[in-house]
Amino acid sequence: MVIAQVPEIRFNQSQLLTEPDLPGERPSAQPAQQEASAIRSFLLARGNSAWADRGFHWLMVLCALSIFGIVVLIATELVARSRIAWGAFGLDFFYKAFIDTYTGKPMYWDPVNGHFSALPFLYGTLVSSFLALLLAVPLAIGVAVFLTEMCPGFLRAPLAFITELLAAIPSVIYGLWAVFVLVPLLREYINPALIKSFGWTGFFSNDNPTGLGFLTAGVILAIMILPIISSLTREVMTAVPSSQREAVLALGATRWEMIRMGVLRNARIGIVGAVILGLGRALGETMAVAMVIGNSPEIQRSLLANGSTMSAVIANEFAEASSDLHLSALMELGLALFIVTIIVNAIARMLVWMVTRGTPSSVH
Amino acid sequence: MRDEHQLRAKLRTLADGAATGLAVLATVLVVAPLVAIFVYLVYKGSVSLNWAFFTHNPVPVGEVGGGMANAIVGSAILLGVGSLIGIPIGIAGGIFLAEFGRGTKLANAIRFTADVLNGVPSIVMGIAVYSLVVVPQGHFSAFSGGVALGIMMIPTVCRTTEEMLLMVPHAVREAALALGVPNWRSVLSITVRTASAGIITGCMLAFARVAGETAPLIFTAFGNVGWSEKLSEPIAALPLQIYVYALSPYDEWHRLAWAGALVLIVLIVLAVSLVRYVTSRGVLKGAS
Numbered sequence: 001m002v003i004a005q006v007p008e009i010r011f012n013q014s015q016l017l018t019e020p021d022l023p024g025e026r027p028s029a030q031p032a033q034q035e036a037s038a039i040r041s042f043l044l045a046r047g048n049s050a051w052a053d054r055g056f057h058w059l060m061v062l063c064a065l066s067i068f069g070i071v072v073l074i075a076t077e078l079v080a081r082s083r084i085a086w087g088a089f090g091l092d093f094f095y096k097a098f099i100d101t102y103t104g105k106p107m108y109w110d111p112v113n114g115h116f117s118a119l120p121f122l123y124g125t126l127v128s129s130f131l132a133l134l135l136a137v138p139l140a141i142g143v144a145v146f147l148t149e150m151c152p153g154f155l156r157a158p159l160a161f162i163t164e165l166l167a168a169i170p171s172v173i174y175g176l177w178a179v180f181v182l183v184p185l186l187r188e189y190i191n192p193a194l195i196k197s198f199g200w201t202g203f204f205s206n207d208n209p210t211g212l213g214f215l216t217a218g219v220i221l222a223i224m225i226l227p228i229i230s231s232l233t234r235e236v237m238t239a240v241p242s243s244q245r246e247a248v249l250a251l252g253a254t255r256w257e258m259i260r261m262g263v264l265r266n267a268r269i270g271i272v273g274a275v276i277l278g279l280g281r282a283l284g285e286t287m288a289v290a291m292v293i294g295n296s297p298e299i300q301r302s303l304l305a306n307g308s309t310m311s312a313v314i315a316n317e318f319a320e321a322s323s324d325l326h327l328s329a330l331m332e333l334g335l336a337l338f339i340v341t342i343i344v345n346a347i348a349r350m351l352v353w354m355v356t357r358g359t360p361s362s363v364h
Numbered sequence: 001m002r003d004e005h006q007l008r009a010k011l012r013t014l015a016d017g018a019a020t021g022l023a024v025l026a027t028v029l030v031v032a033p034l035v036a037i038f039v040y041l042v043y044k045g046s047v048s049l050n051w052a053f054f055t056h057n058p059v060p061v062g063e064v065g066g067g068m069a070n071a072i073v074g075s076a077i078l079l080g081v082g083s084l085i086g087i088p089i090g091i092a093g094g095i096f097l098a099e100f101g102r103g104t105k106l107a108n109a110i111r112f113t114a115d116v117l118n119g120v121p122s123i124v125m126g127i128a129v130y131s132l133v134v135v136p137q138g139h140f141s142a143f144s145g146g147v148a149l150g151i152m153m154i155p156t157v158c159r160t161t162e163e164m165l166l167m168v169p170h171a172v173r174e175a176a177l178a179l180g181v182p183n184w185r186s187v188l189s190i191t192v193r194t195a196s197a198g199i200i201t202g203c204m205l206a207f208a209r210v211a212g213e214t215a216p217l218i219f220t221a222f223g224n225v226g227w228s229e230k231l232s233e234p235i236a237a238l239p240l241q242i243y244v245y246a247l248s249p250y251d252e253w254h255r256l257a258w259a260g261a262l263v264l265i266v267l268i269v270l271a272v273s274l275v276r277y278v279t280s281r282g283v284l285k286g287a288s
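Line order of the protein sequences matches chains A and B. The opening residue of the first sequence carries number 1 in the working numbering; numbering runs sequentially from there. The opening residue of the second sequence carries number 1 in the working numbering; numbering runs sequentially from there.
Looking at chain B on its own, in the form it has when it is part of the complex (with noise of 0.2 Å):
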């Protein structure tokens, strides 16, 4: 009986061991390639980055040498266009959500929806654009391109955006409205100033996300060999390029495609940590 008890004991013990050791397994397993891929990318990236990749076209197969300015220059372009219309429309959704809807049947039906747009994949939205923009334009154009990133940055926007707000104290809404001032200046003046550098740093995890995005530029933006920088015309992206530089047989161009990955990854790691030191830090200390 004492005996049992004991190899019971044991056998606990030893489940719990493996537990932990298992844990402690998948956790190095998830690290080992995030680490391999940024270490590798890293390297292969330094190697093949000189300056001439910021300066210089794409040249012709066969040449050496080339940069990819003209698809750093549309990346800007189509993250400036997306960004003028998913950050108004993403945060005026918020504000929606936290300050006029709250606990409203159809505010909760527009954050679930948001939510649930969240996930719709990005080629999705790539053809959906397809068919509302560029089939009626009747040409590829930057501006379909930068739609596309638009109408994906809203749904992120709108949810942090209305997250940061539902942190101001209510008494920071009371006073404002105490003094006579409207509620519409309110909102904008008083709530979404003391939330405004948790709506920044929202907006620039959607903008982020979408400065990678790939597949929803393939038929809207469309890619362009040459420099563009007009809106009714295709333009080149960094995304787009290395995918199409990653796929060829070409070694000089994989080397761009390294050099662009790393651009690329600098600007989204760059953008991600500083989201992560704000919201560390307590965005709204100075409001309660």
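With the rest of the complex left out, here is chain A (with noise of 0.2 Å):
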């Protein structure tokens, strides 16, 4: 009996000492989960539907390697299509130029002649993602802060509803509504200010009066990437423990201060994990990007100009593709970003679970 107990009691003390941010021990229910699982296999010994069981195991098994069977098909599939470009051009696809012999001046997509180069899209996914960022993070945290540390009660249900909702609008609604009220509020009077304040730095030019470009996009992606930002920082910063808030509190900090080395000091790891997720979003996104950026596959350093993403490009001129090279360009740029979306969503996942995984949330 007393054997049966020390176990237990190691085990508890174990799990109170696990800080959210130490990659300690998993708490789970092991012992728990043993004594269930010995009921149940002495159950299943004595049935006589062994064979049911079997079959359903496995067709489960089944099912749920499918998951792995998709990302392999969808690999393979990639790598199939895209190899008459990669044979083409091979690593000169991604950082490559081809200079016009009559202009002298870079040529980076011209499907008449036969030259791809992902090079301006690259820059447009970079560029574009990059911006959402810039305005999506602090105002994303901001919300967090506010929902899970400040907020009255009353409002916490609703405001987190509201979040939710923005995550839920499809994207091409956030284009609709990009095209016909972000582009002309831009057109108007957000770019002619940044243009006279800032255009001497070079990135707000004067030559584009479309309203579209860079900028368009960054801010209609810093939109759709604010909920998922904030609703995974909130998640974490939920499964900060209460005692760490006291502590600081008993010290005498005032609440920003507790918010600041109790909270957000502790929740670090978990929200650079939500931002890289966000970013993860914005690198994908597409059918909001591609009728604000202007698709044009060109580099410039003006961000008031207009470009275009690796999505965006896809989605224009897949349908229409002029040749076999062209849609095999198209196809190694999909693979491209879905190999960098699969890096960026792995990186992202792993630090949301370094945080989380110590709460009771994820613990059955």
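Bear in mind the hints are in silico, worked out from the structure with no lab data behind them. Values in this document were obtained by computation on a predicted structure and should not be read as measured data. The reader is advised that the hints may include incorrect statements.
To be verified - Residues on chain B that point at chain A, a partial pick, calculated with CB under 8 Å:
| hint | residue |
| --- | --- |
| 1 | Thr13 |
| 2 | Phe100 |
| 3 | Thr113 |
| 4 | Gly119 |
| 5 | Val120 |
| 6 | Ser131 |
| 7 | Ile151 |
| 8 | Trp184 |
| 9 | Pro239 |
| 10 | Ile242 |
| 11 | Leu247 |
| 12 | Leu264 |
Cβ atoms here follow ideal geometry from the backbone N, Cα and C, with glycine treated the same way.
Grab the two chains, each in its own frame, and use the hints to assemble them into the complex.
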């Protein structure tokens, strides 16, 4: 009896000592689970439906494995179909431009002459995504802080619901709104002001009167990734134990100092994870960006200039690709996007897990 | 010494106030665009929406009137095919994660892959399904669009099903097994049944998410100006139609785009609110 109790006591202690940002032992219900599975295996051994059970088990395994299957299928298809472009350009595809022999200017994307380079799309994707992060991250963290630490109780549920709704609006509706509301707004008021006050930096040049461009794409992307960043940040912030908050408050800290030292510092890994997850969304976002970025394969310093992104060019040109090489080049862009988003998402998920896995929500 | 102390205390209170103000400001700035989008959408949509929208097919450029009846039916067919593919596989995957694979390396790997698959851009799904289904078939089809949507539903359904099943207390399973019920029967009629409200919620969430997807449909379902209900032919879809009409230069088409957006958003908001309502009520209240 005494021997049986020893591991249980130790288990409780290790659970108490586990800090959220220390990747300590996972406090799972291991003893209880073993007990349950012992009962279950005893019952199963007696049953005469072992075959049906086994069949059911394997059917479920098969369905679960299909998730692996999907990833592998996507990867092999994209690799197979991008082979022509890979054979024609190799790694040059991602960093080289072709110099037009007549004008002497770099040509990046020329379906007519069969010259393809991913450079302007990589540039467009990176610029629009980082603009979006720049705008969205401070706001998202502000919202998360407000909702978890400051918000009066009656406001919390409706505000959380509104941010959730923001996440549920389809991309194409954001695009529609952006085309008819955001673009005119930027064109008439914000862009002229930016050109007037910051035109000297070269980032806001006065040669694109349409209101489309990197900045517009960045703004709409920011609105779209805000909800996911803020809801995940909220999740990791609530995962910080309240003893941390109480300890800091007991030392005489103000509320902001408590949030800064007690909450944000403990949740920082998870917040970075949330931001990276938002980046993953922004990198792959297609429709809204395709509708407002202007769709021209160029690299320009000005944020008000037209550009294009990897996903936008696929959406625009794929259905009417002029040649096999063109199609293959678009496939290769898709493959690059696939690999990048998988890496970005994997990193983000791991970071978020590192913070939230010690909390009750993920332990059954 | 005392002055310095007081000054520091004042500064700290000031910083506290500033932080509170900034957090409130951020919240306002986030809520503002949503309200703006929503109000504008409802205003524009309700002005443009009429009965013909639901009963008529699109008319050629220049003619007034017409609707998106074909796109509404098309979306319903695509979502039906998608749900038929995505929901059973997703639920089965969730059952494996929660009932059979708990704590195993395989289950952890599958869970992780599902989360990562969730973040793969929909356009990539679109071109993958294009080369998997459309190229061998030789033409765009409603079926390929449904496959694309179904694949996108799997990770969401799988993960929510798992989460809901994990909330079912062990005692329920043991009670079933103690009565001599075979394991598969206990899983399907006891565990899944207990968590059914939550699982349905998860399915609706996945449904709402893919209902507005446009990117994977561009080169699978492709769109269709006329009426079509065959799985083997290109088919119209609400989000695709909105995309095409929004970028067109005609006012009449813009009107239809707004009306379509309103219909789509009402559908999605209904689903999400229902989800919210059910989850806030505690889906498993009856279980424990």
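Here is how each hint holds up against the structure:
1. Thr13: holds (6 Å)
2. Phe100: Given a least distance of 6 Å, the restraint on B/Phe100 holds.
3. Thr113: Holds. Min distance 5 Å.
4. Gly119: Constraint on B/Gly119 satisfied, holds at 4 Å.
5. Val120: It holds, given that the least Cβ distance between B/Val120 and chain A is near 6 Å, below 8 Å.
6. Ser131: holds (5 Å)
7. Ile151: Holds, about 6 Å.
8. Trp184: Holds: closest Cβ of chain A sits about 4 Å from B/Trp184, inside 8 Å.
9. Pro239: Result: holds, 5 Å to nearest chain A Cβ.
10. Ile242: holds (5 Å)
11. Leu247: B/Leu247 check passes; min Cβ-Cβ to chain A is 7 Å, inside 8 Å.
12. Leu264: holds (6 Å)
Hint compliance for this structure: every hint is met.
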